[in-house]
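Last residue of the sequence shown: number 1061 in the numbering used here, and the count goes up by one each step with no gaps.
What the hints contain is simulated information worked out from the structure, not anything from laboratory work. Positions of the beta carbon are idealized from the N, C-alpha and C atoms, including for glycine. Watch out, some of these pointers could steer you wrong.
[Claimed, not checked] With a straight-line Cα cutoff of 20 Å, these simulated SDA-like cross-link-like pairs (lysine to any residue) come out: (1) Lys953 <-> Thr1040; (2) Lys953 <-> Ala1020; (3) Lys989 <-> Thr950; (4) Lys953 <-> Asn997; (5) Lys989 <-> Asn1057; (6) Lys1048 <-> Arg1007; (7) Lys953 <-> Arg1007; (8) Lys1045 <-> Ala1020; (9) Lys989 <-> Glu1042; (10) Lys989 <-> Ala1020; (11) Lys953 <-> Asn996; (12) Lys989 <-> Thr1051.
[Stated by the list, open to error] Okay, the calculated beta carbon distance ranges per label pair: (13) Leu966 <-> Tyr1047: 34 to 44 Å; (14) Glu976 <-> Glu1002: 14 to 24 Å; (15) Lys1048 <-> Asn997: 35 to 45 Å; (16) Glu1009 <-> Glu1042: 34 to 44 Å; (17) Asn967 <-> Lys1045: 40 to 50 Å; (18) Asn983 <-> Leu949: 16 to 26 Å; (19) Pro1041 <-> Gln963: 31 to 41 Å; (20) Lys1045 <-> Leu966: 16 to 26 Å; (21) Lys989 <-> Arg1023: 27 to 37 Å; (22) Asn967 <-> Glu1046: 37 to 47 Å; (23) Ile1030 <-> Asn965: 14 to 24 Å; (24) Pro1041 <-> Leu966: 35 to 45 Å; (25) Asn967 <-> Glu1009: 14 to 24 Å.
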Amino acid sequence: MLLTIHKSKIHRARVTQANLNYVGSITIDEDLIDAANILPGEKVQIVNNNNGERIETYVIRGERGSGVICLNGAAARRVEVGDIVIIISYGLMTPEEAKEYKAITVFPDENNRLS
(Lines of atoms letter the chains of each structure in order from A and count residues from 1; the text may use other names and numbers.)
(Lines give C-alpha, C1' and ligand atoms only; values in the text may rest on other atoms or scores of the structure.)
Protein backbone atom coordinates (compact mmCIF):
# COMPACT_ATOMS: atom_id res chain seq x y z
CA MET A 1 0.00 0.00 0.00
CA LEU A 2 1.17 3.54 -0.75
CA LEU A 3 0.20 6.56 1.34
CA THR A 4 -0.02 10.14 0.10
CA ILE A 5 2.31 12.09 2.41
CA HIS A 6 3.15 15.79 2.70
CA LYS A 7 6.54 16.02 0.97
CA SER A 8 7.29 19.73 1.11
CA LYS A 9 5.75 23.17 1.20
CA ILE A 10 6.42 26.82 0.54
CA HIS A 11 4.76 28.46 3.53
CA ARG A 12 3.13 31.89 3.25
CA ALA A 13 4.32 33.07 -0.14
CA ARG A 14 2.78 36.23 -1.58
CA VAL A 15 1.00 36.08 -4.97
CA THR A 16 2.78 38.50 -7.31
CA GLN A 17 0.78 37.88 -10.50
CA ALA A 18 -2.42 36.28 -11.80
CA ASN A 19 -2.53 35.55 -15.53
CA LEU A 20 -5.95 34.42 -16.73
CA ASN A 21 -4.83 34.17 -20.37
CA TYR A 22 -2.45 31.25 -19.89
CA VAL A 23 -3.06 27.54 -20.31
CA GLY A 24 -2.78 26.76 -16.60
CA SER A 25 -0.37 26.11 -13.71
CA ILE A 26 1.55 28.10 -11.12
CA THR A 27 4.82 29.83 -11.92
CA ILE A 28 7.22 29.79 -8.95
CA ASP A 29 10.66 31.38 -8.54
CA GLU A 30 13.25 28.67 -9.24
CA ASP A 31 15.04 29.43 -5.94
CA LEU A 32 11.87 28.49 -4.05
CA ILE A 33 11.13 25.29 -5.94
CA ASP A 34 14.73 24.15 -5.55
CA ALA A 35 14.66 24.84 -1.80
CA ALA A 36 11.35 22.97 -1.44
CA ASN A 37 12.47 20.04 -3.63
CA ILE A 38 9.59 20.60 -6.06
CA LEU A 39 10.11 19.80 -9.73
CA PRO A 40 8.70 21.62 -12.76
CA GLY A 41 5.57 19.76 -13.82
CA GLU A 42 4.98 18.40 -10.31
CA LYS A 43 1.41 18.48 -8.99
CA VAL A 44 0.89 20.87 -6.07
CA GLN A 45 -1.96 22.10 -3.94
CA ILE A 46 -2.26 25.84 -3.33
CA VAL A 47 -4.08 26.98 -0.21
CA ASN A 48 -5.12 30.64 -0.27
CA ASN A 49 -5.01 32.02 3.28
CA ASN A 50 -7.00 35.10 2.27
CA ASN A 51 -10.12 33.39 0.94
CA GLY A 52 -9.82 29.68 1.82
CA GLU A 53 -9.61 28.46 -1.80
CA ARG A 54 -7.72 25.23 -2.47
CA ILE A 55 -6.40 24.67 -5.97
CA GLU A 56 -4.53 21.77 -7.56
CA THR A 57 -2.25 22.42 -10.51
CA TYR A 58 1.31 21.84 -11.70
CA VAL A 59 4.49 23.90 -11.34
CA ILE A 60 6.28 25.96 -13.99
CA ARG A 61 9.79 27.20 -13.28
CA GLY A 62 9.92 30.98 -12.81
CA GLU A 63 12.91 33.26 -13.15
CA ARG A 64 15.47 32.58 -10.43
CA GLY A 65 15.58 35.34 -7.80
CA SER A 66 12.46 37.07 -9.16
CA GLY A 67 10.16 36.17 -6.25
CA VAL A 68 7.43 35.30 -8.77
CA ILE A 69 4.34 33.44 -7.58
CA CYS A 70 1.89 33.58 -10.48
CA LEU A 71 -1.37 31.65 -10.76
CA ASN A 72 -2.14 31.00 -14.41
CA GLY A 73 -5.29 30.13 -16.31
CA ALA A 74 -8.51 29.40 -14.41
CA ALA A 75 -6.62 29.42 -11.07
CA ALA A 76 -6.02 33.15 -11.60
CA ARG A 77 -9.70 33.68 -10.72
CA ARG A 78 -9.10 32.16 -7.27
CA VAL A 79 -6.43 34.63 -6.10
CA GLU A 80 -5.65 38.30 -6.01
CA VAL A 81 -2.19 39.81 -6.21
CA GLY A 82 -0.98 40.16 -2.64
CA ASP A 83 -2.82 37.09 -1.31
CA ILE A 84 -0.83 34.80 0.97
CA VAL A 85 -0.65 31.17 -0.17
CA ILE A 86 0.80 27.89 1.00
CA ILE A 87 2.08 25.65 -1.81
CA ILE A 88 2.12 21.98 -0.83
CA SER A 89 3.62 18.98 -2.62
CA TYR A 90 2.84 15.37 -1.76
CA GLY A 91 4.59 12.07 -2.40
CA LEU A 92 3.49 8.45 -2.53
CA MET A 93 5.34 6.41 0.09
CA THR A 94 5.14 3.06 1.74
CA PRO A 95 4.21 3.21 5.43
CA GLU A 96 7.84 2.45 6.28
CA GLU A 97 9.14 5.30 4.09
CA ALA A 98 6.51 7.68 5.49
CA LYS A 99 7.60 6.99 9.08
CA GLU A 100 11.17 8.04 8.25
CA TYR A 101 10.50 10.91 5.84
CA LYS A 102 11.10 14.48 7.03
CA ALA A 103 9.06 17.04 5.11
CA ILE A 104 10.73 20.21 3.87
CA THR A 105 9.21 23.59 4.72
CA VAL A 106 10.46 26.78 3.07
CA PHE A 107 9.68 30.15 4.68
CA PRO A 108 10.13 32.94 2.12
CA ASP A 109 10.24 36.58 3.24
CA GLU A 110 7.62 39.17 2.26
CA ASN A 111 9.21 39.42 -1.21
CA ASN A 112 9.22 35.63 -1.74
CA ARG A 113 12.96 35.41 -1.28
CA LEU A 114 14.96 33.09 0.94
CA SER A 115 16.73 34.56 3.92
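Cross-check of the supplied hints:
1. Lys953 <-> Thr1040: holds, 13 Å
2. Lys953 <-> Ala1020: It is violated: about 25 Å lies between the C-alpha atoms, which goes past 20 Å.
3. Lys989 <-> Thr950: holds, 12 Å
4. Lys953 <-> Asn997: violated, 24 Å
5. Lys989 <-> Asn1057: Violated - the C-alpha atoms of Asn1057 and Lys989 are around 24 Å apart, more than 20 Å.
6. Lys1048 <-> Arg1007: Violated: Lys1048 and Arg1007 sit about 24 Å apart, past 20 Å.
7. Lys953 <-> Arg1007: holds, 18 Å
8. Lys1045 <-> Ala1020: violated, 36 Å
9. Lys989 <-> Glu1042: violated, 23 Å
10. Lys989 <-> Ala1020: Satisfied, since the Cα-Cα distance of roughly 16 Å is no more than 20 Å.
11. Lys953 <-> Asn996: Answer violated: Lys953 to Asn996 is near 23 Å, above 20 Å.
12. Lys989 <-> Thr1051: holds, 17 Å
13. Leu966 <-> Tyr1047: 34 to 44 Å: Cβ of Leu966 to Cβ of Tyr1047: about 37 Å, so the range 34 to 44 Å holds.
14. Glu976 <-> Glu1002: 14 to 24 Å: holds, 21 Å
15. Lys1048 <-> Asn997: 35 to 45 Å: violated, 31 Å
16. Glu1009 <-> Glu1042: 34 to 44 Å: Check passed, 39 Å falls within 34 to 44 Å.
17. Asn967 <-> Lys1045: 40 to 50 Å: Given about 45 Å between the Cβ atoms, the range holds.
18. Asn983 <-> Leu949: 16 to 26 Å: holds, 18 Å
19. Pro1041 <-> Gln963: 31 to 41 Å: The hint (31 to 41 Å, Cβ to Cβ) holds, given that Pro1041 and Gln963 are roughly 40 Å apart.
20. Lys1045 <-> Leu966: 16 to 26 Å: violated, 42 Å
21. Lys989 <-> Arg1023: 27 to 37 Å: violated, 20 Å
22. Asn967 <-> Glu1046: 37 to 47 Å: 44 Å Cβ-Cβ, so the 37 to 47 Å window holds.
23. Ile1030 <-> Asn965: 14 to 24 Å: holds, 19 Å
24. Pro1041 <-> Leu966: 35 to 45 Å: 42 Å Cβ-Cβ, so the 35 to 45 Å window holds.
25. Asn967 <-> Glu1009: 14 to 24 Å: holds, 19 Å
Going through the hint list in order, the structure does not satisfy hints 2, 4, 5, 6, 8, 9, 11, 15, 20 and 21.
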